[in-house]
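There are 2 protein chains.
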Amino acid sequence: MSAIADVARLAGVAKATASRALSGRGYVSEETRLKVVAAATMIGYVASPNAASLVTGRTQSVGVIIPFISRWFFAEILESIEQALLARGYDMTLYNLPAPSEERERVFDFFLARKRFDGVISVGVELADSEVQLLHRLGRPLVGIGGEIPGVHTIAIDDIAAARLATEHLLSLGHTDIRHIGGDQIDQMDFAVHTKRLTGFTHAMHAAGLPTDGCFSPCAFTVPGGYDVGLALFGDPHQRPTAVFAASDEIAIGLIIAARELGIQVPSELSVIGIDGHPCAEMFRLTTIEQHPRNQARMAVESLLAALEPAAEPVAAGLTRAPTNLVMRSSTSAPR
Amino acid sequence: MSAIADVARLAGVAKATASRALSGRGYVSEETRLKVVAAATMIGYVASPNAASLVTGRTQSVGVIIPFISRWFFAEILESIEQALLARGYDMTLYNLPAPSEERERVFDFFLARKRFDGVISVGVELADSEVQLLHRLGRPLVGIGGEIPGVHTIAIDDIAAARLATEHLLSLGHTDIRHIGGDQIDQMDFAVHTKRLTGFTHAMHAAGLPTDGCFSPCAFTVPGGYDVGLALFGDPHQRPTAVFAASDEIAIGLIIAARELGIQVPSELSVIGIDGHPCAEMFRLTTIEQHPRNQARMAVESLLAALEPAAEPVAAGLTRAPTNLVMRSSTSAPR
DNA sequence: ATTGCATAAGGAACCGGTTCCACACCACAA
DNA sequence: TTGTGGTGTGGAACCGGTTCCTTATGCAAT
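In order, the protein sequence lines correspond to chains V and D. For the first sequence, UniProt numbering gives the first residue as 1, with consecutive numbering after it. For the second sequence, UniProt numbering gives the first residue as 1, with consecutive numbering after it.
The calculated DMTMM-like cross-link candidates involving lysine to aspartate or glutamate, where the alpha carbons are at most 25 Å apart (straight line), are:
1. 15(V) x 109(D)
2. 35(V) x 109(D)
3. 15(V) x 30(V)
4. 115(V) x 6(D)
5. 115(D) x 6(V)
6. 115(V) x 79(D)
7. 35(D) x 109(V)
8. 15(D) x 109(V)
To list a few chain V residues with every Cβ distance to chain D over 12 Å, as calculated:
9. 38
10. 129
11. 161
12. 328
13. 336
Just so you know, the hints here were simulated from the structure itself, not pulled from any lab data. The beta-carbon is built from N, C-alpha and C at its ideal position, and this holds for glycine as well.
Throw the hints in and build the complete structure from the sequences for me.
Following this line, the structure appears as C-alpha cells:
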C-alpha cells in the first residue's frame with residue numbers, strides 16, 4: 001500500500017530522513033521526527049519487514065524446531081516462547097519435526113537455509129553435527145532446550161539428578177522393590193532423555209545396594225502408554241513392585257489409572273512418583289519432581305535475543321541447568 | 001552469501017535468465033536451464049525469499065491464530081496445519097492469542113499488518129469485524145476453523161447437531177435425568193461453541209418433553225475442570241443425575257475420574273458421553289461424538305492455498321461442515 | 001578568524017530477487 | 001520477399017526499505 005516514500009513526500013522530507021525518523025537511528029530533529037510520525041500515522045503506514053530485512057539481514061523472526069506439540073512439556077514451552085518473542089517484537093515460525101526423516105532434511109536444506117529467521121530455538125530435538133554447522137555457517141545463533149547439543153548453549157534440567165532424586169525418595173520411604181517405567185530408547189527424539197532418567201534410577205538403586213536387572217519397563221511417553229504398561233504389569237500381585245518411578249507425569253498418571261482399575265490402593269499398595277509437574281498431577285495427588293518449562297522457555301528466548309544484540313558475542317556454548325523440585329503429595333508412602 | 005548474480009555470472013547468462021531458469025517462469029532453453037541449475041547447485045545457491053517477496057508480494061508463509069496450544073483439539077489442528085503447509089513449501093507463523101487483550105490488538109496492528117504472510121488461518125478465535133476487514137484490506141485470504149466468521153470460509157463441525165446427537169443417545173437409552181457439563185460462556189474464546197453445545201442439549205431435551213432448568217453446570221474446559229465439577233456434583237446421591245453429557249472428552253474424563261473416586265459405577269450408576277475423540281477416550285471406554293481435527297486442518301489449508309493460486313477468485317465465504325460420528329464404548333448404558 | 005565537531009537532511013547506491021521491454025533469431029505463411 | 005508469431009536472452013527498472021556519502025549549518029574551542 002503505502003510506502004515510506006509516501007510518508008516522506010507527505011512530510012516534505014527525503015526518504016532517508018523519514019527512515020531515520022521512524023527507526024530512531026541517526027540524527028533527526030525532534031520537529032522533523034514529529035512531522036514524519038504524524039504523516040505515517042495519517043496514512044496508516046506500516047513498514048515492510050521484507051524490504052528492511054533485505055538490507056539489514058534481520059528478519060525479526062525466530063525459528064522453533066520441536067518434535068511434538070501435544071505433549072504437555074512441549075506445549076508449555078511453545079506457548080512461553082511465543083509469548084516471550086511476541087513481547088519483544090519477534091515472529092515465531094514453527095517447524096514440527098516428529099522424527100529424523102526426509103521431511104527433516106527438507107526443513108534444513110530448504111526452509112532453514114532460506115535464512116528467514118534471525119535465530120533458532122531447538123526444543124528436545126537431537127541435532128546432527130551437520131545441522132548445527134549449517135546454522136553456524138548461516139551466522140544464525142542457536143539455543144537448545146531440553147538436552148545438550150555440542151557447541152550450543154542449552155537450557156535443561158539435570159535428568160540424571162532428577163531421576164536419582166525421585167528414586168531416592170522411594171528408597172528413603174523404605175521401598176526396595178522399585179520399578180522404572182519410561183521411554184523406549186528406540187524412540188530417539190528426546191535427547192537421550194530416556195536413557196538419562198534410566199541412568200539416574202540405576203545410580204540411585206546401585207548406591208542403595210539394590211540390583212536393577214529387569215527393573216525397567218519401556219512404554220510410550222503418554223497417559224495411555226503408562227496405562228497399558230500398568231495393566232500388564234500390576235495384574236499379577238506377585239510380580240507387582242511396591243513402588244514405581246515413572247519417567248513422566250503422563251506415564252505416572254496412566255499407571256495410577258491402571259492401578260485404580262485393578263483395585264490396587266495408591267499409595268498403600270503401590271507408590272508412584274513422576275517427573276514434570278503436569279496440571280493433572282494435583283488431581284491424582286501425584287508426588288513428582290517438578291520442572292518449569294515456561295521458565296526454561298523464557299531463558300532460551302533471553303539467551304537467543306541477547307546473542308542477536310548488535311554488539312553481542314556469539315552465545316557461549318554450554319549448559320544452563322534449569323531447577324527442579326520435589327513436590328510431595330500422597331501417591332507415595334512407606335510400603336506395607 | 002551467494003546471490004543470483006553469482007549464479008548468472010558463473011553460468012555466463014544474465015540475471016534475468018538465471019531467474020527464469022530457476023523459477024521456471026518464462027522462456028529458457030533447456031540447455032541454458034541446465035547450465036544455470038548446475039551453477040546454482042555448485043555454489044549452493046538458495047534464493048532469498050525476502051527479496052522475492054519484495055517484488056512478488058508473496059511470502060510463502062501462512063499465519064495461524066490460535067487461542068490455546070495445549071488443549072487436544074488445538075494441538076492436533078496445529079500439527080496438521082504445519083504438516084500440510086510444510087508439504088506445500090509454506091512456512092507457518094504462529095500467533096497464540098489466549099484472550100482478547102492489548103496483546104491481541106498488537107498482533108493485529110503490528111504483526112499482521114506487516115503482511116509477512118500470504119494468508120491466515122484462524123482456529124477457534126472469534127474475530128471482530130474490524131479484524132476481518134483489516135485482513136481483507138491487506139488482500140490476504142482468511143480461512144477459519146471451528147466456528148463461523150461472517151464473510152469468511154469456515155470449516156467446523158455442527159456443534160448443535162453433535163450435542164443433540166449426544167443427548168439423544170442418552171435419551172434413547174432411557175435416561176431422563178441428564179445433566180450437561182460444559183464451558184462457561186464467560187470464557188468467550190471459543191466461538192460460542194459452549195453456547196451451541198448447550199443449545200443442542202436443550203433442543204434434544206425439549207424435543208423429548210423434558211425440562212432443562214438447572215441442568216447445566218459450567219466448568220473449565222479441561223480434565224481437572226471436569227474432575228472438580230464431578231466431585232462437587234456427584235457427592236450427593238440424591239442430586240446425582242443418571243447421565244451426563246460433557247461438552248468435551250477432557251471434561252468427560254475428569255468426570256469419570258471423579259466418579260470412580262467416589263465409588264460410583266460407570267455406566268451402571270452414571271452414564272457419561274463426551275465430544276471429541278480424545279486419545280484417552282479409549283482408555284476410559286468413553287462413548288463420544290468423534291470429530292477429526294486433522295481433517296479439518298487439511299481442509300482449511302487446502303482452501304487457503306487454493307485461494308492463493310494466481311488465477312483464484314476470493315475464497316467463497318460460507319461454512320463447510322466437518323463430519324462427526326458417534327463412537328459407542330461402555331461409559332453409557334440404560335439407567336438402572 | 002579558522003578549525004573542528006555535532007547535528008540535520010538530501011541524494012544515491014544497495015540488498016536480491018522478478019519482470020517489463022527491447023531486440024534477435026528462426027520458422028512458416030502470405 | 002515481406003510479414004507474423006513463437007522463442008530465447010539481455011538490460012534496466014522496480015519492490016521498499018536502510019545506509020553511505022556529501023553538504024550545510026550552528027556553535028565551541030583554538
